[in-house]
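> First to last, the protein sequences are chains A and B. Residues in the first sequence are numbered consecutively from 592, following our numbering. Residues in the second sequence are numbered consecutively from 592, following our numbering.
Honestly, the hints are just simulated from the structure, not real lab data. Careful, some of the hints might be misleading.
Chain copies aren't distinguished; within one or between two, either way the pair holds.
In silico EDC-like links for lysine to aspartate or glutamate, alpha-carbon gap of 20 Å or less [stated by the list, open to error]:
id : residue 1 : residue 2
1  : K1032     : E1015
2  : K863      : E972
3  : K874      : E973
4  : K639      : E736
5  : K653      : E689
2 protein chains.
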Amino acid sequence: MKIKPSLSKGTRDFLPSEVAKRNYIFDTIKSVFRKYGFEQIETPAIEKLETLTGKYGEEGDKLLFKILNSGDYLAEVRNQKSAISELEPQEITPLIAEKGLRYDLTVPLARYVVQHQDQLAFPFKRFHIGPVWRADRPQKGRYQEFYQCDADVIGSSSLLNEVELLKIYAEVFEKLRIANCELRINNRKLLEGLAEYHGLKDHFESVITGIDKLDKITKEQLLESYVKLGMPSNSIDSLKNLIEDITLKSDLVLTDILDGKKKTTIGQVGAKELNFVYESFIKNYSGQVKITKDYTLARGLNYYTGLIVEVKINGFAIGSLGGGGRYDNLTEIFGGQNMSGVGISFGIERIYDMMEELNLFPEHIAEGVKVLLVPRDSQTEEYTFRQVQTLRDAGIPAEIFLGNVKKQKQFAYAEQKGISYIVEIGANEMESGNFRLRHVKERQEVGSGFTLSELLQKLS
Amino acid sequence: MKIKPSLSKGTRDFLPSEVAKRNYIFDTIKSVFRKYGFEQIETPAIEKLETLTGKYGEEGDKLLFKILNSGDYLAEVRNQKSAISELEPQEITPLIAEKGLRYDLTVPLARYVVQHQDQLAFPFKRFHIGPVWRADRPQKGRYQEFYQCDADVIGSSSLLNEVELLKIYAEVFEKLRIANCELRINNRKLLEGLAEYHGLKDHFESVITGIDKLDKITKEQLLESYVKLGMPSNSIDSLKNLIEDITLKSDLVLTDILDGKKKTTIGQVGAKELNFVYESFIKNYSGQVKITKDYTLARGLNYYTGLIVEVKINGFAIGSLGGGGRYDNLTEIFGGQNMSGVGISFGIERIYDMMEELNLFPEHIAEGVKVLLVPRDSQTEEYTFRQVQTLRDAGIPAEIFLGNVKKQKQFAYAEQKGISYIVEIGANEMESGNFRLRHVKERQEVGSGFTLSELLQKLS
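Based on the sequences and whatever the hints tell you, model everything.
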């Protein structure tokens, strides 16, 4: 039974060189997380569907991967249904699937915090890096299985947490040499206040969804879409005014709210929070990454309740490289006490694509093997093998080539694996104990007549 | 909608302290893999069911987690079936599920090698660490989602690969301080030769399965089970003789085959291979880990064709901590050319349990935060925040405590996170710039009146 091998759509294999680059990104982010006191946790890929369902909106529920129950999973269907025509996914799925693959790392975090609260140290600062799954239509840069990378603080309402998370962004992007990025921040309470001021309190969710589209469509198109949705014409006018406010290229809307010219209590709280975070970041950061207040930033997900942030890269047609914000009610859905949380997320897949395109990965990314020892024939294999052990015992990562191919291929092998030197060992070398060292890339001799110990010095 | 949060059966959350310990094991193994020239790859969790099905036997197929197709996945069922009573899993599953979760890392490796052979450097030495999923009945130490950790060489038939892999085992277990373990090796060709010599060639698979049980049941019980299976009585006698051969506490069976007393060509090849690997390992290794030839070692999986190995830990009631062997035909199932492969696997979950029970994890396992700065009240919060930044800029992992709890809880927080020192900052400290450093564990003052720079020296 021979099958032409292929991947399930929207999934990927990673070659060693790709894994090395991905690890470089992960390790950079992890080191910063740890420096700031965040600890790593893990949750399973498989969650009960009752944990996942209803948390991501109707659209999200459709995108959950569901896992078939084991054994005779159709027994309940045979019990409850009497005709094949009754088999509709909506009704059948709950009967045959009770598990699913996690859709993000945030809902599992909420479950985790409620479930393990007695074992955790609060404020709980955790990070989590791992794959999530969505039954989305795959397209360039969008996969059904992809990594998320999140840091969150649960159980502290201090705004200094927001400032620290922004600093983590800045530090990571500097380390990755993507320093030409911009942290755009806004505050959900400020937007809520503006909606209230303009008499749109009851339409707040539509307002957020609309504003969120402003980087893709024009104001006019947005207003038209609202007309089409059947919003009353006075609301449309209010919306127009609100959009005027937030698209002004100045801080006027902020000062108007703070001065009380635009009167809204919740808006004023939001404005103060925004200013505090902005100024505190500026005061405590002197690097290259920019920060701006962007009143048009809304972030689609509706669980945010305070500061929101997105990382934009200027002059590069790519979405945000990360985003996050404060949410006040996440643990409530699992019956936990109301714990305020704030978190950020790194868009690993986009960061990778961008670094690849801009050639930002360091040349020697993987600490690979330093030297490849090649036995010229089977007579010298065991001798060569022993030399490799000696090198390794001296702490030098070394490899013996055990394939049966031409010299050119041996060099190609070494080059592909990023090995710097090659030493061929034949009967001569075995007798004399003198070796000829060659550079892999330049295909050139570095020197000959080395003893193994001289070679050791050369390499270490 | 409040739900009491819980995990899907057979899955686990990991607390920060557990992740740190697991990472310690992974990092130790990875560093040895890399030193020997193995490179990391990744494959997706989701594979096509056509890739997975039929590779793990009938029992394995039942244990595959299958993922429901998206959209109206029941359309085909409604087309093909006319009565509810026809709904039997065996027939319905292929109509509603085309994807599954990987069951191990070996079949994905075979697919990967065939699919990417033009991009890989051969001999291809890869390692892979990641979760796999099996719909097994969960029990102590057995999970539905668990990690595998494999290293394999594909495309080289040299027995020195076997020796290197055994050395990797030895080096890893020494580093993990589990040096009282034993590498038990055998050779499938030797067993095949013995089966041939005793006239059991046609029953080789049953012989392997039987021998594999010899560490759990007695010889007599094993023979009885063969009688029950309806094997002819002359075969039972032959089997008895074969078992006598392999359970002798000497190398007699090996020398008999090598001397030609027991005549079998394939057995002789196996005996020579076994001796070569054994002697070559002894010659090239001087550490504490023992190696023994164990003629009763069979390893259940039937794709092995040469050397087989298992890591046993003496005086500890736990299964093997790892196992592996050579397989010659794995890539063939995906239409690849016949590439010989050899690999080993670490039983991560068991290694973890054992290290935990024997207290083998180092005390300071995670490079965590060194000092916790605690603002005494909201007036000193911003000042404290700046001091934390200064410490971090000097390379000292530091944290500010932003929770609102009693002093005792602050110490508990620091202790749980493995933070060594605590510095409280109130109005006095802010004015004087002098700090009092306290040990977290001992709850004792290390000294007071330190300036920040003195503190820095103390900490770094």
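> None of the hints should be skipped; say for each whether it holds.
Verification of the hints:
no.: 1; hint: K1032 to E1015; result: within (15 Å within a copy, 56 Å between copies)
no.: 2; hint: K863 to E972; result: between (73 Å within a copy, 17 Å between copies)
no.: 3; hint: K874 to E973; result: between (64 Å within a copy, 11 Å between copies)
no.: 4; hint: K639 to E736; result: both (18 Å within a copy, 13 Å between copies)
no.: 5; hint: K653 to E689; result: both (15 Å within a copy, 17 Å between copies)
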